[in-house]
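Top line first, the protein sequences correspond to chains F and D. The working numbering puts the first residue of the first sequence at 1, with every later residue one more than the last. The working numbering puts the first residue of the second sequence at 363, with every later residue one more than the last.
No lab work stands behind these hints, which were simulated from the structure alone. Computed from a predicted structure; not experimentally measured. Worth double-checking, as some hints may not be accurate.
Derived, one-sided and incomplete: chain F residues facing chain D with beta-carbon distance under 10 angstroms [to be verified]:
#1 Lys5
#2 Pro29
#3 Ile173
#4 Thr258
#5 Ala349
C-beta atoms are modelled at their ideal positions from N, C-alpha and C, and glycine is treated no differently.
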Amino acid sequence: MAEKKLMKGNEALAEGAVRAGCRFFAGYPITPQNEVPEYMSWRLPQVGGAFVQSESEVSAINMVYGAAATGVRCMTSSSSPGMSLKQEGISYAAGADLPIFIGNVMRGGPGLGNIAGAQGDYWQATRGGGHGDYRTFVMAPNSVTEMGSFPHKCYEVAFKYRIPSMVLTDGIIGQMMEPVEFTTPEVDPKALPEPDWAIGVNHNRAKRIVKSYDLREGFLELMVNERVKRYKQIEAAEVMYEEKMMDDAEIAIVAYGTSARVSVAAMKLAREKGLKVGLFRPITLWPFPKARLVELSKRVKKFLVVEMSLGQMVEDVQLSLNGRAEVHLHAKPGASVMTADEVYRTMDAIVKKGAKEYAAAK
Amino acid sequence: MYQGIRISGFGGQGVISAGVLLAQAGMMEGKEVSFFPAYGAEMRGGTANCSVVVASEEVSTPIVSTPDTAIVLNEPSLAKFEPMVKPGGLLIVNSSLVNSKATRTDIKVLYVPCNAIAGELGNAKVMNMVAIGAFAAATGAISIDAVARALPKVYKKLKPDVIELNVKALKRGAEIKLN
Chain F
1 MAEKKLMKGN EALAEGAVRA GCRFFAGYPI TPQNEVPEYM SWRLPQVGGA
51 FVQSESEVSA INMVYGAAAT GVRCMTSSSS PGMSLKQEGI SYAAGADLPI
101 FIGNVMRGGP GLGNIAGAQG DYWQATRGGG HGDYRTFVMA PNSVTEMGSF
151 PHKCYEVAFK YRIPSMVLTD GIIGQMMEPV EFTTPEVDPK ALPEPDWAIG
201 VNHNRAKRIV KSYDLREGFL ELMVNERVKR YKQIEAAEVM YEEKMMDDAE
251 IAIVAYGTSA RVSVAAMKLA REKGLKVGLF RPITLWPFPK ARLVELSKRV
301 KKFLVVEMSL GQMVEDVQLS LNGRAEVHLH AKPGASVMTA DEVYRTMDAI
351 VKKGAKEYAA AK
Chain D
363 MYQGIRISGF GGQGVISAGV LLAQAGMMEG KEVSFFPAYG AEMRGGTANC
413 SVVVASEEVS TPIVSTPDTA IVLNEPSLAK FEPMVKPGGL LIVNSSLVNS
463 KATRTDIKVL YVPCNAIAGE LGNAKVMNMV AIGAFAAATG AISIDAVARA
513 LPKVYKKLKP DVIELNVKAL KRGAEIKLN
């Protein structure tokens, strides 16, 4: 067993990407994700990779587009305002079926917001974010260890289905330190087969073109529909979630990332006071674990969505359950973190008063 | 055992590095740990604080909102963190720099002249270790030995004699007992 090391979430994300075969990183500084490029700047040269601090987020995402087109495992990272700038490039990568990997360490928004951790980019991450019809594979870690292991899964899915992938995390998980142990296999990118779409030196093979458009009448529809088939495969095969104390739960908290960490404390508090509470944590935000929620709703009739945003993931829960159970919301927008006690009091109110909604903003 | 700790003081007093050190020491003792820094517009001379959890079970939230122990190294930190301490919890006050007394009666308060002791040892920089030593002895959440072993892991560039001075500061802090 490897020795445990105390690391920041951002550092673990960078190290996890390198171990998963990342050999090109381009990015532009922004708090609270600066440890990612800082780490990459010295770590990538050690493994024969390349690090570029670009002049803007826009150029970083386009550098990554170019690197991915050659079949290289590459990465860019940023935080909320910087992610908005990258959206055009992400849409182009989705249109060109490129397996880019993105880290978003969310901070307060909208606009420049602040530099504290937040979860306000859920819609942006799971709904595409850029223009056009597309999906991004999105994973939400809730610990430093998961920050280190999720890049491996992101590259695997990205290359298997040719889709942009993302780790959606927040400033708290990015900045916190925890013991981490890297358990995912170390990938030697040189040992990976060259993808049959990657451009590069042409050894007398058929021409390959990486592009996000087809101007011939009717052809774009075919291109998009072919992509939709892969989306359906991902929805069928790549959903991930975690459940805690759900066996006898009468109320299920649904939360991801930092909100899920606080919710564990809230759940313990509630259990001590006799409320049968469990936690359902979506790990993939797209594909969202709809089917499992429907299954749970046969037994659990009250769901409480806890999120550090105005109420974004709550819509996915409502769409999944489609009226099968009550859906409540504990929202904490404005880059503020709910306390376990606040979440417990919401649950207590739901049980006692049947409160439909609770907004923490006062 | 679940110890949520908040450490607060001036930037430059070693608030953040003391927090990392506690987490490192806890990990080396086989405990579950987390460390979370306030990473706003902190600067030397301004205020800085961090959350540390050392526990025998899984750490839920890394942000300690009701600390079992608060360690306040400067005056503004006392006003901010005294009200947050869990009833029955512990407040460690750097009495060298904090002139006010704690007002709560439902918590234990330990006054430690961190700067004075560090001055006696000949290096003002080890004042944070005096506070950590007092914390370790008062709570038993972590052993002085583990903190000492964690020192070279966290401060990789420190020379052996400086490490030794830090260990001395830990031990001096540990001698200060609750009344």
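Hint compliance check: list the failing hint numbers for this structure, sorted ascending.
2 and 5
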